[in-house]
Amino acid sequence: QVQLQESGPRLVKPSQTLSLTCTVSGVSISGGNYLWTWIRQPAGEGLEWIGRIYTDGSSNFNPSLKTRVTMSIDTSKNQFSLNLRSLTAADTAVYYCARVTDWGSGTFDIWGQGTLVTVSS
Amino acid sequence: EVVLTQSPDFQSVTPKEKVTITCRASQSIGNYLHWYQQKPDQSPNLVIKFASQSISGVPSRFSGSGSGTDFTLTISSLEAEDAATYYCHQSSTLPYTFGQGTKLEIK
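Chains as they are written, first to last, in this note's numbering: chain R, 757 to 877; chain C, 2 to 108.
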């Protein structure tokens, strides 16, 4: 079955850059009508969409994070990645990767288990 | 951006009770509204898509309705395993947005 798995550092210092990777298994990342996305959730709070990436590498971001976010995709490794710059404590959250259906107009149908990232010196 | 407002924020309910959660959008989003269930320390799980479409593997007691700006998630007969926080999500317009969540507690 389709599975997504986030990987990356659990602790990052303020002002540094967070780099996370999502490894997709059970399906080709470049197949079907899917996009790939990142979502985060601070402890005890709601969900915030970060951005999405197409298989050709084009992307869209939440305006609230747009100036600090980049995303990339490596179809040969079946992975996509998130970089978030200039971190502050407010970026401490569980970060999820997920699949978006229907060429981006659908649901987040498959989610990774999430990875807790703490921003602290 | 489309703001999604859920009500209530919290509800304490007894097993077998019927539960209704609403999600109101700040502008019309057609049927591009989806519902997720999130249990503690777990990822969200899709329970209804496109306002009213069922999801394979999700119990039939979960149903959805609505279009435009007003949507409803209904659990026809609550079971203990349904204790969770429920989020609506719109995919009509970027940025994708979520409701603030509705936490269901079982009495």
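If you're looking for bench data, these hints aren't it; they were derived computationally from the structure. Be aware that one or more of the hints could be misleading.
[What the hints assert, rightly or not] Rough simulated footprint, nothing fancy, chain C against chain R, three-plus residues with beta-carbon under 8 Å:
(1) 802–808
(2) 830–836
(3) 865–875
[Said to hold, decoys possible] Computed spacing ranges between beta-carbons, pair by pair:
(4) C:Ser53 x R:Glu801: 24 to 32 Å
(5) R:Asp830 x C:Ser53: 35 to 43 Å
(6) R:Gly787 x C:Asn32: 23 to 31 Å
(7) R:Gln761 x C:Pro9: 30 to 38 Å
(8) C:Thr21 x R:Ser877: 28 to 36 Å
What you are looking at is a predicted structure, and each value in this text was computed from that prediction instead of being measured. All residues carry an ideal CB built from backbone N, CA and C; glycine is no exception.
Hints and how they fare:
no., hint, verdict
1, 802–808, "holds (count 5)"
2, 830–836, "violated (count 0)"
3, 865–875, "holds (count 5)"
4, C:Ser53 x R:Glu801: 24 to 32 Å, "holds, 28 Å"
5, R:Asp830 x C:Ser53: 35 to 43 Å, "holds, 37 Å"
6, R:Gly787 x C:Asn32: 23 to 31 Å, "holds, 26 Å"
7, R:Gln761 x C:Pro9: 30 to 38 Å, "holds, 35 Å"
8, C:Thr21 x R:Ser877: 28 to 36 Å, "violated, 46 Å"
In terms of the numbered hints stated before, the structure departs from hints 2, 8, listed from lowest to highest.
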